[in-house]
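There are 2 protein chains.
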Amino acid sequence: MTKFNVAILGATGVVGREMLKILEERNFPVKNIKLLASKRSVGGTINFKGNDVIVEEAKEDSFKDIDIVLSAVGNGISKKLSPAAVKSGAVVIDNSSAFRLCDDVPLIVPEVNPQDINKHNGIISNPNCSTIIAVTAINELNKYSKINRMIVSTYQAVSGAGISGLNELKNQVEAISNNKEIDIKTFQHQIAFNLIPHIGDFDEVGYSQEEMKMQNEGRKILGNKDLKVNCTCIRVPVYRSHSESITIETDKEITPEKARELLAKAEGVKLIDNPNNKEYPMPLDSSNQDLIYVGRVRKDISADNSLVLWCCGDQIRKGAATNAVQIAELLIN
Amino acid sequence: MTKFNVAILGATGVVGREMLKILEERNFPVKNIKLLASKRSVGGTINFKGNDVIVEEAKEDSFKDIDIVLSAVGNGISKKLSPAAVKSGAVVIDNSSAFRLCDDVPLIVPEVNPQDINKHNGIISNPNCSTIIAVTAINELNKYSKINRMIVSTYQAVSGAGISGLNELKNQVEAISNNKEIDIKTFQHQIAFNLIPHIGDFDEVGYSQEEMKMQNEGRKILGNKDLKVNCTCIRVPVYRSHSESITIETDKEITPEKARELLAKAEGVKLIDNPNNKEYPMPLDSSNQDLIYVGRVRKDISADNSLVLWCCGDQIRKGAATNAVQIAELLIN
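Sequences listed follow chains Y and H, in order. The numbers in the numbering used here rise by one with no breaks, and the one at position 331 of the first sequence is 331. The numbers in the numbering used here rise by one with no breaks, and the one at position 271 of the second sequence is 271.
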């Protein structure tokens, strides 16, 4: 079996570490692994398949002989280093939003639009985490009857903001327990026992970047330029797994029974929908695994041809790292 | 000034205690106060205007000479005792859902439908907390252009389940900090660092009781029998103040500018809408006061004549106790 030289760019972050773990879990055919990060992480080691791998500095000349780069860095660094990696002959699977809407960059959720991968010119983008969760949840419904409009309210975990987000919630909860003053660094306000309706900068219409990704990226992944999405993104004091309350309006009616039938066999989805038995998706349950949990499926009693559901997914795994490794698997197969 | 004999039924619960506090705060003309609760609370005292008042057992003959009963008990006890209080000559302002949809029982949010109070036959119902918050937020918008449809996702604080809800979150957070096992009694699942899409029993369509109240009570309060509401109610690990993500579809367009103008002068509302300056409603800020905070007002980019907003309100105060005392004020004026 052919094996590949893989680099993880941003290897020390929450998503980078998870990518490494998932390469190992899924037994991705890695020949050599290269861990790249910023200068201050250089020299540290991270275990991969029983070996301690030394973290190296990410530079433009870091990509010699690399076949696949899994990138989990911010837009600025990705814009600088991804083209350099491509020039070295690698294919970059990029978790930043830098290239997601570029015409020559596929934006892939493997369960939804695997065919788009062939259009790549060296860079393939991994979509926004909340968008991956939503489109995976609604993909089979959209195939059955085209979705024209989505109304989404998110409940997003602190780990969406990386290790510092996780630590900020933990530290604030501890400080409050001990009657100490809390520190606010990562989020705009206290997140412990609070909600913050602010993820990314706001545009002139009043939507945050995170909110607009659901429409812009959703359109591209679903291949539906007319899809209309009104999204509200809220940070909640949950460590891991994003949750979403979704209303979809479709061309023709999808009955809840039909929707459950479609969701029960949808790739990447686990239908959990027995509310009378206290069974429905919850972020605590959907953490540390790869399926998008979907439930609370019901008719929208406020409109025809409209359906309501609730879903939860681990945004570090399926919403980022797992999806990136799945794209790498598509690429080599 | 005429003064009134007031009884608080369910005086030892979260809402009952808050009612007492608010009577004092708003200087309601109380002649004598009577505190009624279940047998196990009898003999305890609660301070009112500097005096320790002894808690008495709530029985059918507890209401002699009482003018106004503020009731904060569950449906079962309210169904038994409210008619007895009315028979004794009192007017009952009832926080339970037992009588809310009865034709001869007004369901009042004083900012919205004060005129309905005249129709009472001894019982006036206090609406569901999430519904009070939503209708107060959207009242002026609805007056400007009739709302036909609402899509609501809630983020509901644990104190909505009373003292035991507050304690359950606190105890679970402490247990998790100390690596101890958590207790689950009040909620269906762990609520600390989790979300639970389950508030009240589910109907055959798949909506929870809490979700259906938004439509059923909203219709009655707004006097709009055709109002259609699709609501998703989620319990979140926040101590106090419910939050709601709301989309409203209206007869004619309400521009965000017009909406902000209306909200800025709306009774019971505080407009906080400068997201670029990190100013928007948050449950931590809206707790322990009576206004409904409204912000993130923007055009719904997924439909015409549709508007999106985010609101937070203290569900123990405006969502329950304050609203009840406001009704009592209407009654005596």
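Read the hints as simulated data drawn from the structure, not as lab findings. Among the clues, some could well be false.
It does not matter which identical chain is meant; a pair holds if it fits inside one copy or across any two.
Stated by the list, open to error - In silico BS3-like cross-links for lysine-lysine, where the CA-CA straight-line distance does not exceed 27 Å:
#1 K146 - K31
#2 K80 - K225
#3 K21 - K39
#4 K278 - K185
Hints versus structure:
For the identical chains of this complex, K146 and K31 are neighbours neither inside a copy (42 Å) nor across copies (65 Å), given an alpha-carbon limit of 27 Å. Neither within a single protomer nor between protomers do K80 and K225 lie at most 27 Å apart by alpha-carbon distance, with minima of 29 Å and 58 Å respectively. Within a single copy, K21 and K39 get their C-alpha atoms as close as 22 Å, which meets the 27 Å cut-off; across copies the closest is 58 Å, which misses it. Taking identical chains as interchangeable, the C-alpha atoms of K278 and K185 lie at most 27 Å apart only when they sit on different chains, with a minimum of 14 Å there against 37 Å within one chain.
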